[in-house]
Amino acid sequence: MSRPAPDLAALIARRRPGYTLEAPFYTDPAIFEADLEHIFYRHWIYVGVEPDIPEPGDYMTVEIGRAALVLVRDDAGEVRAFHNVCRHRGARILSERKGMTGNLVCPYHQWTYDLGGRLILANHMDEDFDRACHGLRPVAIKSAGGLLFVCLAEEPPADFDEAAALIERYTAPFDLRNARIAHEEELIEAGNWKLTMENSRECYHCNVNHPELTQSLFEYGFGFSPADAGPELLEQARAFETAEAEFNTIWRRCGWPLAAIEHLDDRPSGFRIQRLPIAGAGESQTLDTRIACRRLLGTLTERKLGDLSIWTQPNSWHHFMSDHIVTFSVLPLAPDRTLLRTKWLVHREAVEGVDYDLKKLTEVWQATNEQDGALVARTQAGVESAGYVPGPYSPHTEGLVEKFTTWYVRELAAGLGLA
Amino acid sequence: MSRPAPDLAALIARRRPGYTLEAPFYTDPAIFEADLEHIFYRHWIYVGVEPDIPEPGDYMTVEIGRAALVLVRDDAGEVRAFHNVCRHRGARILSERKGMTGNLVCPYHQWTYDLGGRLILANHMDEDFDRACHGLRPVAIKSAGGLLFVCLAEEPPADFDEAAALIERYTAPFDLRNARIAHEEELIEAGNWKLTMENSRECYHCNVNHPELTQSLFEYGFGFSPADAGPELLEQARAFETAEAEFNTIWRRCGWPLAAIEHLDDRPSGFRIQRLPIAGAGESQTLDTRIACRRLLGTLTERKLGDLSIWTQPNSWHHFMSDHIVTFSVLPLAPDRTLLRTKWLVHREAVEGVDYDLKKLTEVWQATNEQDGALVARTQAGVESAGYVPGPYSPHTEGLVEKFTTWYVRELAAGLGLA
Amino acid sequence: MSRPAPDLAALIARRRPGYTLEAPFYTDPAIFEADLEHIFYRHWIYVGVEPDIPEPGDYMTVEIGRAALVLVRDDAGEVRAFHNVCRHRGARILSERKGMTGNLVCPYHQWTYDLGGRLILANHMDEDFDRACHGLRPVAIKSAGGLLFVCLAEEPPADFDEAAALIERYTAPFDLRNARIAHEEELIEAGNWKLTMENSRECYHCNVNHPELTQSLFEYGFGFSPADAGPELLEQARAFETAEAEFNTIWRRCGWPLAAIEHLDDRPSGFRIQRLPIAGAGESQTLDTRIACRRLLGTLTERKLGDLSIWTQPNSWHHFMSDHIVTFSVLPLAPDRTLLRTKWLVHREAVEGVDYDLKKLTEVWQATNEQDGALVARTQAGVESAGYVPGPYSPHTEGLVEKFTTWYVRELAAGLGLA
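Protein chains in written order, with my numbering: chain H, 1 to 419; chain V, 1001 to 1419; chain R, 2001 to 2419.
Just chain H, same shape as in the assembly (with noise of 0.2 Å):
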């Protein structure tokens, strides 16, 4: 913190293509301040789903950086945000993650807002205070098929709306809204956002690393380097290549569109959608590779549908299956510290213990977590070296971190009124 604040301006215009970020883009107190300033609170972020919150007077608490939110399911059943900050003296008014109340009340001196976040109670003001001036500040909110988004800017980035389209096309028979939260977790990875985002964008750390999670992924389906294909190797990709011809009449079948559409780092509101074949016998990602949970999501009959994964930048990724949804948010603590934020998902009628085991639902990626957050905090003890230097991305499996770096990059520069 005490080494001279970098040119943000200099790093920006020299950053290689197809290298790591240099190390103050993952260390410097600066360079994450900037990332907050111009991506987080700019961009769409994701930080929850409607089940979080489904009846009208459910709120919940969310932080981005140093904005404190509150999410509130108002009377009409719309979902509203508000900055969770009293108009008085600036106390927060709910503490609690997640709760139910009537109207928002300051703890301090009851200054009461309604679910609208108009200001209806401060006693001992004058005559002339105006109310109507001091409600609780609006934050944008979308819902994308049940996904929770939340702008702070002023004029949010409109191209969000197609990609919020998209995902509620893609997702609708999997019927998030009426899904229900079996089970959530936080974990504090130890190292910069970037580096969790850039983790989750690649499997060539996979084979080695995720026992777990590659009973139902296929490593090469985010593509290998034919050069280095000994037999083993081959056997794999002509497997991933049966299974997904498998999978395409499957979802032909359902009248499903098979197009992955990609939008990382061509626009703000970077995005990506795509059909996965599952492994092994194709239904979730467990560790059999068949369902966790016997009733399944919305008015799905079959149980091999793959996986659909849905990626947002700057910071989500889901996977939606036949029988349950798995949706992480990546939010920035500090320069090294991260909070994943991940939720289970099952129709909102299965019973645990009847109709799903919570151990066999949640396993693979309470793993799967765990090993990346290891990782994470592996390389952040790296880039954080003397002497570490960019390295490259292989272009074959890793050439989806490089779009992710890339767009990050030219976000951040527009922001700085660079680009």
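Do not rely on the hints blindly, as some may be mistaken.
Cut-off 20 Å, straight-line C-alpha distance, at most; resulting in silico cross-link-like pairs (EDC-like, lysine to aspartate or glutamate) [as the list claims (entries may be wrong)]:
| no. | chain 1 | residue 1 | chain 2 | residue 2 |
| --- | --- | --- | --- | --- |
| 1 | R | K2142 | R | E2232 |
| 2 | R | K2403 | V | D1126 |
| 3 | R | K2343 | R | D2058 |
| 4 | V | K1098 | V | D1075 |
| 5 | V | K1403 | H | D126 |
| 6 | V | K1142 | V | E1232 |
| 7 | V | K1360 | V | D1075 |
| 8 | V | K1359 | V | E1244 |
| 9 | H | K403 | R | E2262 |
Calculated from the structure, these hints are not laboratory results.
We have chain H already, so just place chains V and R on it with the hints.
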């Protein structure tokens, strides 16, 4: 910390009267540093009471920001203050909070100072080494009726003499110098020191948050809005007026001055002296409003004397009752950390378990301090949030908060040469 | 950290000879950064001993500031040093303090380096990817009689060769390379690294603070003021002279050079080699001043050989006795945090419980380190205090502290281009 240092002059210039301060005043490390420099190293700071060090050779250590001090009662019975730093290699000399010693001996190389701070032993130095130039560095200290104030400035504010004389006169009947500390506690509040002070300067928050304190304290003694006056409030207001009239009779009978003296925002050494009625039986700030200690202070014989309330700026408040005294010292530790040191005093001959029950003596302010600490932490969390904007003080119940804030901004500006 | 960065050039220019440094040298993050940059990343730093990694494939990891290094003994038996950072995504490769390995394999994507640092495996890269350009980054390393020094500079100070040759020659009879680490410990001292070094450079503080060490060490071997010489001191001084004469006879009989060599403040690679008598039985730095290990070092047969004391700048000291060696490595962690790593070595064939008792071997320096750590913390607390001003070193007992300080200021100035 990585955000660019705020333009303090601009922040001061645009301070909006009647409103809470902008966020950096509560959060920014550079402004915290300025608070130390221009407020805590320049003004008279309340640090303890004469009964902390009743006998010659008794000492106590105190830290104000980065200033480590030792207060010692010398052989003549005078209280002296010095920097607690050896003039040789700079080691901290005394590390206990309180103790008794004949001389002040540095444990590193045994340089030895007498209770007047003179260096009396330093081995292995050259013959031209001048001990007289290497005594402990003194610090200005004053006792106002037994309340100890120190000032780190080269030229301490002279206006404090008037405050000290008035405090001496008003507190004389309670004879603090012959009291004994029955109990003391330290509470670290998770907020800026100014939030601790602001919280102490109003009772708008008392009704809901302080069920113990409001047994004896009239919330409406601190003002209310007639516009909000329903039947319950009007009854409370009437009860306060009745009590005030009754206590005025008592105080007049004692021959005590009745008038409140308030110089909170018109001078460097801001202070306030006020007599307050006590509710219920009217004796003491206890749960049953009756005395906690049968042995009254000084030579007092009457139990029902109300509360002599004394405030000093920047960092103290005190309650003097017939049976005990409670004093509060606020010391900044970090932008978001503040030490509140509370001491309960009784007559020095009062015996625990015979004359007083320690639980009854302390439980009201222990509970109140905890409650206030939680409110301060909640406010700190709020003002650190991106969504915070300054809010309006109630003109009816937060006028004294406004006076504190106005004083603070003016003194800071003066220290910076901006006024 | 929020105080404005000090003007380092001005601080250096006004350094007062014979006095401790001004506070920012011990407390300021920017000066800590300069210390890393110009002292610890430019000079030869003592990090361990050859017996840390006795066999090919043995490695140890070491951190100097933000530089994460691995030292490995290669297949040819040579000790090599590299940055412990993968050239791909920057992950830290080895995370254990010590271990044994055939190759250095990054756990993230399995990039594999041989013990010479060459990249020998990297999957999925393009055909034009040049492995030869992606080997581990090497670091300069030298063994001086088995003491391992690394230097992170592109052009390490060449004057170290003379120190290394002298250390090699003086320590040869003790045959460190064939010793074994019987015990090692890490102590984190709550002070700046320079306070740890200053403390190690004088024994003015020994008499009162180190009852265990002064059984074998003559406090007055480090000087005293004749002016303060009472009968007790004169007797101690006479005892030291008698012991010195006796040991000179012994060392002469061994054919060993007697003269102390001191280049503490006249070159970048400051060092000092001195033989010291041992008090009492004269054998070892133990509580009873007799050997702790019956199996003597190398081919030594005589027990009473005194203490060969070696100091290097910026960060080490060592004691070589007939039966064991103690070495100390000082590494800065933060402005107010310093790692002291201590290793006790005996002949590699010495057997614990048979030839030596571990408690007897280690108890003197364990106690001394703890005592010194407390003194360093006390001094750090003092120099951080607002009341600290630089104080005078004793010309009789702190001359070597002054030499360290003078060296430090000069090397820092040189690094900054100010000299």
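Status of each hint after checking the structure:
For the hint pairing K2142(R) with E2232(R), the CA-to-CA distance comes to about 46 Å; that exceeds 20 Å, so the pair is violated. For the given pair, K2403(R) sits about 18 Å from D1126(V) by alpha-carbon distance, which is consistent with the 20 Å threshold. For the hint linking K2343(R) to D2058(R), the alpha-carbon distance of about 18 Å falls within 20 Å, and the restraint holds. Proposed proximity of K1098(V) and D1075(V) is supported: the alpha carbons are some 17 Å apart, at most 20 Å.
Between the alpha carbons of K1403(V) and D126(H) the distance comes to roughly 18 Å, so the proposed pair stays at or under 20 Å and holds. Between the alpha carbons of K1142(V) and E1232(V) the distance comes to roughly 46 Å, so the proposed pair goes past 20 Å and is violated. Straight-line distance between C-alpha atoms of K1360(V) and D1075(V) comes to about 37 Å, which puts the hinted pair past the 20 Å bound. Among the hinted pairs, K1359(V) with E1244(V) is inconsistent with the structure: their alpha-carbon atoms are about 29 Å apart, more than 20 Å.
With a CA separation close to 59 Å, the supplied pair K403(H) and E2262(R) exceeds the 20 Å bound.
Taken one by one, the earlier hints fail for this structure at numbers 1, 6, 7, 8 and 9, listed in ascending order.
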